[in-house]
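*Asks:* Could you slot chain G onto chain V? The hints should help.
Protein chains: 2
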Amino acid sequence: MPQDTPAMQIDCATEPARYRHWRLACAGAVATLTLDVDPAGGLFPGTELKLNSYDLGVDIELADAVTRLRFEHPAVRTVVIRSAKENVFCAGANIGALAQASHTHKVNFCKFTNETRLAIEDASAHSGQRYLAALGGTAAGGGYELALACDWIMLIDDRRSSVSLPELALLGVLPGTGGLTRLTDKRKMRRDRADVFCASEEGMRGRRALDWRLADEVVPPSAWEAAVAARAAALAATSDRPHPHPDPPPLAGEGRVGVGAQGISLPALERRITDDGVAYGHVRIALDRARRRATLTVLGPARVPGDLAGIHAEGAAFWPLALARELDDAILHLRFNEPGLGTIVFRSEGDPAAVLAFDELLDTHAGDWLVREVRLLWKRVLKRIDVTSRSLFALLEPGSCFAGSLAELVFAADRSLMFSGSRAGDNRTAATLSLSPLNFGAYVMGNGLTRLTTRFLGEPLSVERAQARIGAALDAAEAEALGLVTASYDEVDWDDEIRFALDERASFSPDALTGLEANLRFAGPETMETRIFGRLSLWQNWIFQRPNAVGDEGALNRYGTGQRPSFDPERV
Amino acid sequence: MPQDTPAMQIDCATEPARYRHWRLACAGAVATLTLDVDPAGGLFPGTELKLNSYDLGVDIELADAVTRLRFEHPAVRTVVIRSAKENVFCAGANIGALAQASHTHKVNFCKFTNETRLAIEDASAHSGQRYLAALGGTAAGGGYELALACDWIMLIDDRRSSVSLPELALLGVLPGTGGLTRLTDKRKMRRDRADVFCASEEGMRGRRALDWRLADEVVPPSAWEAAVAARAAALAATSDRPHPHPDPPPLAGEGRVGVGAQGISLPALERRITDDGVAYGHVRIALDRARRRATLTVLGPARVPGDLAGIHAEGAAFWPLALARELDDAILHLRFNEPGLGTIVFRSEGDPAAVLAFDELLDTHAGDWLVREVRLLWKRVLKRIDVTSRSLFALLEPGSCFAGSLAELVFAADRSLMFSGSRAGDNRTAATLSLSPLNFGAYVMGNGLTRLTTRFLGEPLSVERAQARIGAALDAAEAEALGLVTASYDEVDWDDEIRFALDERASFSPDALTGLEANLRFAGPETMETRIFGRLSLWQNWIFQRPNAVGDEGALNRYGTGQRPSFDPERV
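Going down the list, the protein sequences come from chains V and G.
For the record, in the first sequence the residue sitting at position 334 is 334 according to our numbering, with numbers rising by one throughout.
All you need for our numbering is the position in the second sequence, starting with 1, plus 572.
Hints are computed from structural coordinates only; laboratory data are not their basis.
Cβ atoms here follow ideal geometry from the backbone N, Cα and C, with glycine treated the same way.
Among these hints, one or two may not hold up.
Claimed, not checked - Per the computed footprint, the stretches of chain V lying under chain G, defined by three or more beta-carbons under 8 Å from a beta-carbon of chain G, are:
| # | segment |
| --- | --- |
| 1 | 159 to 170 |
| 2 | 178 to 190 |
| 3 | 450 to 457 |
| 4 | 511 to 520 |
| 5 | 535 to 548 |
As the list claims (entries may be wrong) - Simulated restraints on C-beta separations:
| # | chain 1 | residue 1 | chain 2 | residue 2 | range |
| --- | --- | --- | --- | --- | --- |
| 6 | V | Gly448 | G | Asp783 | 22 to 32 Å |
| 7 | G | Ala801 | V | Leu461 | 30 to 40 Å |
| 8 | V | Gly458 | G | His698 | 20 to 30 Å |
| 9 | G | His698 | V | Ala366 | 44 to 54 Å |
| 10 | V | Glu570 | G | Arg592 | 25 to 35 Å |
| 11 | V | Glu570 | G | His698 | 26 to 36 Å |
| 12 | V | Glu570 | G | Gly618 | 14 to 24 Å |
| 13 | V | Leu461 | G | Glu886 | 51 to 61 Å |
| 14 | G | His698 | V | Ala13 | 51 to 61 Å |
Here chain V stands alone, though its shape is the one from the complex:
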């Protein structure tokens, strides 16, 4: 079995000027994202990305573009995704790259692409940026799964272009990047038709694709460009996206939607990666490879802007935004480049009152487009943490600032441990935990509930009790009594208890921990989103370990060789 993914550093930070595979063009309310994969631009040496097939590197650019569209191009109300290649929209994930990747990389890659697809749906649902998949050629596998994440799927009716999910027939794996779940849950396709469709190597086209709910519109080539433009405009009209400048109000008239739009630009992250850590402006990661853990310290804010104009003036430097971008990059760095570190320990340093002051800004100006985007980015970063397969510990120590939005890290953690009182000779203030209104609605998890509601499924009154203490600096005793932290220890016990808990964690099976945490973190209801991660991806992970897929005679390795795969027929 090939398990030799090159031990290279994967960098998830990029910018449009560096894109090799996508082109982003904005014109008023409509942006166009054009997929034009550079076959020689694969992340791993030796893979050729033919027919707009993609690897992680292609998706990193897409994820970047989706985020930038929200911050840098607030006037955009429709994003058209299309292909620059003749007759092909996208052939899906590159099989050569997938087959040669380690199991860990396969899983991480799929998780990331799932997050990107969900970010597209989030942009539509919450930011009023509608996505239009303009399939001017065949969309196969992951290519069609990308289209499924869009609001509207247009398929050219040229008797040739089809949509298909040929994974079962060709590769012995699943359409695992949301494909199956979106067929049944989003497009609500009849299950037996989905079965027929997924067994079909060639897929479906034209009228049948429409009748079977696989596309929303089929258009002959002669009318294609006009129809795409008309549909983009129609989708833009459904957007609730506020005009970027609330004052003065936007001018009337379709053509003027973008007038006055003033996004903020997202500069490259300042980041220093060394052998034993990563340093950002507001985040520091210290790596302890011997103990197999990373300590991620969040630094609280300094100066608080006075008003909305101040927030806009700061732009990407606005502390919650800068921090969210750094946290996101830090989590991805740990996922992709430090798979051997099983535990992430969240720490913080700073002034809790200043954090709460930022939360107040985020609360007061929730209707402003930029503030809305900052809150939504925080929501997505926290969700990325929720599905990160590392043990998460939060340590609330003297001098820490787990307040409001930062307290979500405490609630995202598998365990949170709080220092009671101070250390002798330490003049930092005793640890406190503070809540803000944002803990009660702004940052819902994938299951549709806040972390506190999920935490207190069995005791909903505890949510109300916590809500009644918004703004208070809760000490260890009160935080524990309110059920907001797992346990607290004073100076006598702290060091031993923390050391024991972390060492014990490191002694457990990494796989069993992954499974345990993925169950305990998502109590209660499931949504399409949690089903994508919790049902579909999991079956894919299982299949990705089976010789029928990844063995020497398995379907992934036999693909393209002309030899048929050889299957163990036993049904599990």
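*Replies:* Chain G only, in chain V's frame:
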């Protein structure tokens, strides 16, 4: 890796006289199920079932008892599960047996025990038989998971007896028989506490077990027996179980609850297993090993009883009951003993009108305790089919009788194909499909919806359209137009189309098919039940393939050797 599970036939049919591990005693409204595992009675040679640890054989007896209690002991309103062993309730699944089992057997074993746990909860929710876990000693792992399936958990407070889920710490796997899901979803334990509990090898006891929602009642040894009896009586009082003889009405008085109770006995199934098939009274299985499929033919009923008295007089011979028991056994036989047969083809032969007449009886007398049990058994058997990891095809041919309850097999199938018209020279009536009221509520799936509602999630009006045609003999054209079958073919195409579809199915990766079907069959909402199969079990399946669990140095194989397991630290 040990993959050498003995190629023995596993028989899921048993009866109390043949139990080796359980004793069933009924006294009025209270039954006691006593676990007293025979260490030498393991299903696989060489395993010793110490400390009331169990293997599949032990659970087959439990499943049998749970079913018999409903049919044979209708007066029972509380079932007390306890142990005959000193200081131990149950040590969980036997690790030796688990470690030596093939991956396929592990998965099948866990699926079956999950079904048994859910059958306990179904008996409580729908048949008014409450389950009381009387933990007079330690309940560990699967032993505690069994308790979690009960309505009420009593734990003896003797400073020694604990409840625990030590799978993570000791075995590198999950509490995968519903344990994690029931902690978070049923008992609604706080997630960080669940994390602490699941990392604890020794578990929790006494007051803390109560405070952490792990037990509902802790009782000192001196008060134990009286408290168990009192709780059993209190639970019995919450039962809505109708008196088994509706006429005359039950006598008043607690002690008389069981007076007049008259269950029906479930005799051993008549079954003939040969090399190429299994024959029951109403079910025939034909095995085609070369094509890797089993054809399961259901035979329609002959004589229809005239009234409720007639149903009771027939007892276990009542056609829907006899058929459900046979179908259940047939599915389990295929699961355990024919893992290489990837497709089950459902066929039927008989008079659709007679099937509908039985459905009318089941509908008219829904309030009768026995009819209720027959309907509930059908529901459970159909659910067992839903989670069976084989491709399911239904063929509706001339002479078939897919009507009402039997039509659920069509809706459970991944694809249903219908013969249009008749064959030349064949005097059987053309295939029809008929619906009864039972298709619209009696047989909900694990997701809480009927198969038709799940099928038509995207077009709810189709459910109403189908409902308007209850009782009609729908021909192929109409069944297809109503969306009730996948496709229909006439004599010209039928043989080729069926052959092609089945051969194509057999050519796909068995693993990818399992994952595909498990996604497409369960569209829409998730429940605790679907989460147990779809999230928890799936993580366990994944872990059950990982070297950290099943490798030579993995935790399952190192358990009990005194050597610590050796883990690959990489987090996936």
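*Asks:* Are glutamate 570/V and histidine 698/G spaced within 26 to 36 Å by their CB atoms?
*Replies:* holds, 35 Å
*Asks:* Counting residues of the segment 535 to 548 of chain V whose CB is closer than 8 Å to a CB in chain G, do you get three or more?
*Replies:* Since three or more residues must qualify, the claim that chain G covers the segment 535 to 548 of chain V holds, with 11 doing so at under 8 Å.
*Asks:* Do three or more residues of the segment 511 to 520 of chain V come closer than 8 Å to chain G, measuring C-beta to C-beta?
*Replies:* Coverage by chain G holds for the segment 511 to 520 of chain V (10 residues, Cβ < 8 Å).
*Asks:* Range hint 22 to 32 Å: satisfied by the CB atoms of glycine 448/V and aspartate 783/G?
*Replies:* Distance hint for glycine 448/V, aspartate 783/G holds at roughly 29 Å.
*Asks:* How about the segment 178 to 190 of chain V: do at least three of its residues have a C-beta closer than 8 Å to a C-beta of chain G?
*Replies:* holds (count 9)
*Asks:* Is it true that the C-beta distance of glycine 458/V to histidine 698/G lies inside 20 to 30 Å, as the hint says?
*Replies:* Taking Cβ atoms as reference, glycine 458/V and histidine 698/G lie about 24 Å apart, which means the hint holds.
*Asks:* How does the Cβ-Cβ distance of alanine 801/G and leucine 461/V compare with 30 to 40 Å: does it lie in that range?
*Replies:* holds, 34 Å
*Asks:* Between histidine 698/G and alanine 366/V, does the beta-carbon spacing fit 44 to 54 Å?
*Replies:* holds, 46 Å
*Asks:* Is the listed coverage of the segment 450 to 457 of chain V by chain G valid when you require three or more residues with a beta carbon under 8 Å from a beta carbon of that chain?
*Replies:* holds (count 4)
*Asks:* Do the beta carbons of histidine 698/G and alanine 13/V sit within 51 to 61 Å of each other?
*Replies:* holds, 55 Å
*Asks:* Go ahead and decide if the range 51 to 61 Å is satisfied by the Cβ distance of leucine 461/V to glutamate 886/G.
*Replies:* holds, 53 Å
*Asks:* For the range 14 to 24 Å, tell me whether the beta carbons of glutamate 570/V and glycine 618/G fit it or not.
*Replies:* holds, 23 Å
Checked against the numbered hints above, the structure breaks none of them.
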